[in-house]
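*Asks:* Here is how the chains run, residue by residue.
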Amino acid sequence: MADPTAEFFSRIEEHGPDLLPAKARGRLRFDLDRDGEVEHWFVAVNQGNVLVSREKREADCVVATEKELFDKLATGEAQVLAAYNRNDLTVRGNLPLLLVFRRAFPSPPGTRDPRERIRERFAGRRVAGERERRP
Amino acid sequence: MTKPLVSILDGNTFVVSDNRGDIDPSPTFPTGLFSFDTRFLSKWELTVDGNRLNVLSVDDLQYFESQFFLVPGEPTHYVDAKLSIIRHRTVGGSFVEELTVLNHEDQPVEVTVRLNVESDFADLFEIKDVREKVGGTTVVVEEDRLRLYYQRETFRREAIVTSTAPAEFDRHGVTFALRIGAHQQWQTRLRVETLVEGAGGRDIRLSIQRHQSRSPEELREDLDAWLARAPKLSSDSEPLTETYQRSLIDLAALRYAPLTAGPPLPAAGLPWFMTMFGRDSLITCLQSLPFTPELAGPTLRFLALAQGVTLDDFREREPGKILHEVRYGESTAFEEQPHSPYYGSADSTPLFVILLDEYERWTGDTELVKALEHEARAALNWIDRYGDLMGNGYVWFERRNLRNGLENQCWKDSWDGISYSDGRLPAFPRATCELQGYAYDAKMRGARLARLFWQDPVYAERLEREAAELKRRFNRDFWVEDGEYYALALDTEGGQVDALSSNIGHLLWSGIVDDDRAGKVAEHLLGPRLFSGWGVRTLAEGEGRYNPIGYHVGTVWPFDNSLIAWGLRRYGFRHEAGQIAEAMIAAGRYFGGRLPEAFAGYDRALTKYPVQYPTACSPQAWSTGTPMLLIRTLLGLDPHGEHLVVDPALPVGMGRMELLDIPGRWGLIDAFGRGRAEHSRTPPGLME
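Protein chains in written order, with this note's numbering: chain A, -11 to 123; chain B, -2 to 685.
Simulated from the structure, these hints should not be mistaken for laboratory data.
This structure is a prediction, so every number in the text was calculated from the model and none was measured.
There could be a bad hint or two in this list.
[Claimed, not checked] Some chain A residues close to chain B (C-beta under 10 Å, calculated; not the full set):
no.: 1; residue: Gly14
no.: 2; residue: Arg15
no.: 3; residue: Leu20
no.: 4; residue: Arg22
no.: 5; residue: His28
no.: 6; residue: Trp29
no.: 7; residue: Phe30
no.: 8; residue: Val68
no.: 9; residue: Tyr72
no.: 10; residue: Arg91
The beta carbon of each residue, even a glycine, is placed where N, CA and C say it ideally should be.
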């Protein structure tokens, strides 16, 4: 069965430098609870590079939540700050580090580039700037 | 009877009550104790022997402190009080009320003092549209406290009421059965703590230093230090001195620490906007840089941290975009509202680059400019990519959140804020003129940053080329030939949304106006259709939608006027800038020096005083910043390398003005100006 959380972490390990600011640095741990069993994801961010392991190690920022919710964060179906405001996700330690890491979470599924939609709507029509100057 | 409201605040914790100090639930105006967008007290009603009290006087001691002197009995009767009651309250993290009952008789009295207490835990978004709460409120009576808490799934908010004097708590409040000796008094200190719960039931604000309850003494010291750091103004114009002092204090009051910790940032306005707004906070920082530069750095850092990286339609988020609004309440937490954060504004992103540059020019803080290079470049990229929705070199907006996104994502964000001269509303997307000005300015300033601090002259040249090209096209496409002014916006057909509006004044500030057209723009701004005598109207008289009491279609906004004055000064219109400053300062007198969010656009000849817009926020950050920017404009303050240029142009009759200890990269500098008896005007169109 597909594991969105595992896919998410493997993706950020690969694409970390594209997703995170070059100067980002710190250690995060995600403690994900599934029916009382907790799995750990340890993420070391160093200048945008990301190393992921499954260890329960000391971290600057520890995020605890349900595995089910994290699967949704991993696919963009849920949003980390709203979850934090709901208290569905708890944070100990350096909260700004989670805000930096927030950038690694994807857009909601099915999100399209707004410019594409505009291009489709105005396809075949001339738009401002392309016209000749009116008399 | 409607009683005047009294507010005290500390950051985004604030109390709004009537002038007796009572809180009665009101569906239309947010009375109550609020913190982090949640109402923690919706009733706080004092009675003595079952009777409500009457007010003798109210002292607004500080922004975080007020005092009410009360007596029992009806106001229609001759009041011969045997008792008087003093409520002294402060807010500083938690809400504290010191209640004193004085017996003026020469014999003991027995009285029952009671406070009725309720909380509806309404989200600020629900006040105007009260709904059934999804979660449940529980009241727990303990021996020494009353606990009210609200729970919806894992979301929990709690108010805890305690008293220093012995009290009987019940489900609806607290009672004190007293016997007070002859000429004696009784006193208690009531405290209401507001808990926003996070991990393991801990208050998620505990890590925020600012929100560990601060005592009034600490708040007083903090305010004194803030005032001591600010430049000292001395002037022959009493209204100017008054409004400057008021502004400094109000700006101190509006500082708040967001949940991410760190130093305080300016919140946008009491009571509806006690949170971070990208546009409002950036403009407030621009206005106040010469006076209180400590706000700008943390604001830039916070906005950079929250900058968009991915797309999100509900929140209107895009890569590189700077946020519009942050909220912490229930409706945002449960994603009924998009403010976690919401990115629905097309101007906050260029304004972010503009402030970063202006901040460096004043403070010389190159560290921050280097630290935020990535974010500033991402913001500049946004202008050309996601900002340019139509792909034709202008910044456009169209909402993607059709449920509760903003239609107009510019500062005139009410639904009818952007219209043609005949009153029709244009289709979307819309490209308002001031957005193009901000984009131009952001590119020019970005070029300076790239050349001086990012060691990227190629990028700098590209930005300058793009800016010049934008200015050329803008002057071709937006200029309304017949009326000789710039259109309010372009529509999707490339047609001009041709209403005459205050937005043209922002264009002067940005520098996008061709020199030979500036004179006409200035003429319109000070002409009878736009200038009311109290300031420049948002929309000109005679336009289809003009309404002197329409929020963005005829009222006068002080912050708008401060940017316009700054713009006039940039193009050499010293006299006209002074005229606007003078009008604003005169208007401020009618509000005790506190300029409101907006006032009516009636002609000054018609109303002898400026009429406040009915639901205007006050204090509001960018109105608070207005006197500061006007002083900067009048004194002609502008950093030039390591120096501060002072080039005063005071209106006739304003007399002498001294601003001492202006902080900046030069250390501290004094500036002096004097309004001449006769005034010579600089020729129009001459750039300074």
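*Asks:* Hint numbers the structure violates, sorted upward?
*Replies:* The structure conflicts with hints 1, 2, 3, 4, 5, 6 and 7, although it agrees with all the remaining ones.
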